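Each residue of the sequence shown is one higher than the one before, starting from 402 at the first, in this note's numbering.
These are computed hints drawn from the structure, not numbers from a lab.
Please read these numbers as outputs of a predicted model, since none were measured by experiment.
Just to be clear, a hint being listed does not mean it is correct.
[To be verified] Below, computed lysine to any residue pairings styled on SDA-like, alpha-carbon distance capped at 20 Å: (1) K535 / Q545; (2) K468 / V455; (3) K535 / G513; (4) K488 / D517; (5) K468 / A484; (6) K468 / D523; (7) K468 / R431; (8) K468 / P454; (9) K535 / A515; (10) K535 / V418; (11) K468 / E495; (12) K468 / K488; (13) K535 / G411; (14) K488 / R505; (15) K468 / D485; (16) K488 / R524; (17) K468 / V490; (18) K468 / G456; (19) K468 / E441; (20) K488 / L519; (21) K468 / T453; (22) K468 / V452; (23) K468 / S424; (24) K468 / A450; (25) K468 / A487; (26) K468 / R503; (27) K535 / R431; (28) K488 / C477; (29) K535 / V414; (30) K468 / A458; (31) K488 / G467; (32) K468 / Q457; (33) K535 / R503; (34) K468 / G411.
[As the list claims (entries may be wrong)] With beta-carbon atoms standing in for the labels, derived distance ranges: (35) T437 / P534: 23 to 29 Å; (36) V455 / T546: 23 to 29 Å; (37) G508 / A484: 26 to 32 Å.
Idealized CB from N, CA, C, for every residue including glycine.
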Amino acid sequence: MRAFVARHLGDPVAVVVLDETASEVGRVARQYVGITGQIENGQVAVFLAYVTPVGQALIDFALYLGKEWAGDVERCREVGVPADQAKAVLTKPELGRCLVERTRRAGVPFVGVAADCLYRQDRALRAALERRPKGYVMAVPCDQTALTPGTAPMRVDGPSTATVFAVTVGQIRVVCGRVVGSG
Numbered sequence: 402m403r404a405f406v407a408r409h410l411g412d413p414v415a416v417v418v419l420d421e422t423a424s425e426v427g428r429v430a431r432q433y434v435g436i437t438g439q440i441e442n443g444q445v446a447v448f449l450a451y452v453t454p455v456g457q458a459l460i461d462f463a464l465y466l467g468k469e470w471a472g473d474v475e476r477c478r479e480v481g482v483p484a485d486q487a488k489a490v491l492t493k494p495e496l497g498r499c500l501v502e503r504t505r506r507a508g509v510p511f512v513g514v515a516a517d518c519l520y521r522q523d524r525a526l527r528a529a530l531e532r533r534p535k536g537y538v539m540a541v542p543c544d545q546t547a548l549t550p551g552t553a554p555m556r557v558d559g560p561s562t563a564t565v566f567a568v569t570v571g572q573i574r575v576v577c578g579r580v581v582g583s584g
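Between the sequences and the hints, there should be enough to build the whole structure, so can you do that?
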């Protein structure tokens with residue numbers, strides 16, 4: 402799917418979007434289900450969408466196993482979870498980082514990543530994007546640092562936050578979450 406989407410929608414100004422969702426199916430575990438905001442029986446997966454000016458599509462996903470399932474190789478084998486995925490618990494942000502990295506390694510063009518507050522906690526995700534360099538739009542905890550082009554790492558609650566977090570995407574300029582101009 403990823404190759405098909407890249408071939409037909411591939412655009413260097415594309416953004417990939419991380420999000421997770423749950424469904425109620427058999428053989429699940431009680432866990433936090435974001436769509437309901439409660440702990441329920443559900444199966445959660447992290448998805449990666451590819452968004453361009455001309456269209457969007459889901460291009461990858463990873464099943465979140467949680468503590469009850471990960472490490473139980475026999476249980477995972479019974480329902481078709483690959484053995485390498487059944488060995489360890491990965492957090493949803495870690496799964497998201499894997500999806501973004503697979504997409505980058507596949508040569509799919511994108512300028513950055515957008516994600517909700519769940520993914521902001523993963524410093525390794527942000528660090529990987531900053532090394533590439535790929536932009537990102539996600540809330541960053543105020544006691545952590547972030548890097549933007551032309552700056553050293555800065556705490557996001559520092560005095561220069563307004564200038565550090567000014568981002569231009571296409572023809573839209575966003576400063577600290579507010580659209581301040583468009584083309």
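Exercise. What are the numbers of the hints the structure violates, in ascending order?
Worked result: Failing hints, ascending: 2, 4, 8, 14, 16, 18, 20, 21, 22, 24, 26, 27, 30, 32, 34, 35 and 36.
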